[in-house]
Amino acid sequence: MSLLRLDEVTRSVRLPDDETLEILKGVTLDVEIGDHVSIVGRSGSGKSTLLNLLGLLDAPTSGSIWFDDRLTSELSGNARDRARARGADIGFIFQQFNLLGGRTALENVMTPMLYASGRQFWRRRQFATEMLERVGLGGRLNSMPEKLSGGEQQRVAIARALIRRPRLILADEPTGALDIETGASIMAILDDVAEVSGAALITITHDVNVAALARRHYRLDRGVLAPIDVSRVLSAAPEVGL
Amino acid sequence: MSSTKRQSPLAALVGSFSEAWAEVRIHRTRVLLSLIGVAVAVAAITSVVGLGAIVEQSVQESNESNGGRPATIGVSAYTQNGASFDAALLRTTLNSAVDRYKIRYHTSILSGQLSVQFVAGAALVNTTAIDVDYGVMHRVKIKEGSWFAEKDINRLAPALVVNRPFWALMGSPDLRTHPTVRILGSHPITAVIVGVRAVRDGDMPNMMMLMDAFRVAAEPASYAGQSQFEAWVPPPLAKRVTARLSAELAASVPSGVDVQVNRQDYAAFGADPIGPVRIAVGAVAALVLFLGALGLVNISLVTVRQRIREIGIRRSFGATAGRVFFAVMMESVVATAAAGVVGVGVAVAVVENPWVQEKLSRGVTDLPSFPIGAALFGLAAATLVGALAGLLPAIAAVRFKVIDAIRY
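If you read the protein sequences in the order shown, they are chains A and B.
Per the working numbering, the first sequence runs over residues -10 to 231.
Per the working numbering, the second sequence runs over residues 787 to 1194.
Keep in mind the hints are simulated off the structure, nothing from the lab.
Check each hint, because a few of them may be wrong.
Unchecked claim - Label-pair ranges, simulated between beta-carbon atoms: (1) B:L819 / A:R112: 34 to 40 Å; (2) A:R69 / B:L1177: 57 to 63 Å; (3) A:E11 / B:S804: 21 to 27 Å; (4) A:I22 / B:W807: 52 to 58 Å; (5) A:L10 / B:S804: 37 to 43 Å; (6) B:A1135 / A:S186: 45 to 51 Å.
Said to hold, decoys possible - Partial pick of chain A residues on the chain B-facing surface, computed with a CB cut under 7 Å: (7) R(-6); (8) T50; (9) W55; (10) A72; (11) R75; (12) G91; (13) L95; (14) S106.
All of these numbers come straight from a predicted model, not from anything done at the bench.
From the three backbone atoms N, C-alpha and C, an ideal C-beta is built for every residue, glycine too.
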């Protein structure tokens, strides 16, 4: 069943000299529940713009985006609805972890629950504790971000992204700030937790090794999204550019 | 979408408080700095307004001491050629008017010089003859003893209220010993000093005595050409009473005598005499608040970078723009309101301090209590400043695209 579908999506911006810059050109993508998709691309290829669209943070210039078989443009006029949908259905994992400073690991994971309703809101401490235990940080609940290693910080970020049981996880360069070994371990945890929760996982990265962990692979080049055979890329790496 | 369920108002409120509290806890140094700035500003503005009220009262009482309280209507009659006239008719008409218009406070006024025997010798002393009501109408302040009472009218030895130099010439005696002086003249009398005025009106001795006693002690020729009267009426009625009195008195006096009836209190002279004080106080208060606000806004701007990124992260978790706005504003407003309470507390301590009051009031009889308006104004100003200071990062954060804010 299709969870997220992009149909001939374009995104362009008007430059100060009145010219139009087309960042995304006719992007089409279909992501199903439980799917794991990777998108690789160089800097400036349009990855961030695509991430904004996938995360309901921005609206396309043309084309349509369907989430759960519902046209997102129906929500585009209502920022509040989009924010609520984002909080309930989409979990973000950032390259720089983006943990909130001055708050413990537990408080960071509890943060998304502040915007939830019902049980999720009132029992947020219990849910956050359980989620941190799932990612192996049950013993670091009250540790500040600066006291955690890079891998631990990213695990906190994963726990935070998954705490509201989103159906779509968007990981933006999730291993970009980690060494290879830690990155592999993080991806294993992410893949595992996503699979157990049944969420679809879209990983946006420039690292083909990370991209290879997904089931389906795409490359974004100058705004054009196209499927790639990642095994060919890997066999030719590291010289093969993306 | 599986769940775009709206958060309950209670959960939203608890969540916002939780966020605001976490912010205050985490950024306590910044918050404390902001609070100190705001508390000082609020303390300053509230103190200035509170102390200004005392100064205003002081100025007002000084004006009332001279011209009487609003509205004091003065009546004077005189002849064009300076000849004396019989004021009995005038007094009869005035007494009738006082009864008809139910004027509660009124006084006749005469002035002259009487010879008083001091230890060092006799001296001419400026004397004002009045009725008992004069004390209330002119807010006469007494340093020692008391103002005249109705029973003083019947004293065989007339009562005197003297100024400080007069009292000093007598060796500043304890008034409980009923000190007396001899008033010389064709009918010498002994008078008892019942009060010493607080006002510092120069080095020359002067005294006040009740009208009947003055008429006994003074030579009639010395006050024959004078006829002054004052009535204290409610300000809204002043215009009508003035017109009526003017007409009635003009009809009652003999030809050749002119009667003038007009308001003589400070409030009658159009321009607000306290206006300049009020404007000066307001300008200082505004300047102090502006400086406080500037400090707070400055601190807010310095931390805007940090806040924008954090708010971007929150929005990616589903925080609506409204929720972010509310949380940031509440954090700022709650903190500054708390600072405002501290500032008002400091201001109360300053304004109610006896030493400060002594220095500023200079014998104010009706010392104003701490103006509640000033306290409320201080709190409102603190809250407003907090809202304005919170507005900048909140607007900036909401206007940024979420991903741009996270990468800010």
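Hint check, failures only: Structure breaks hints 2, 3, 4, 6, 7, 8, 9 and 13.
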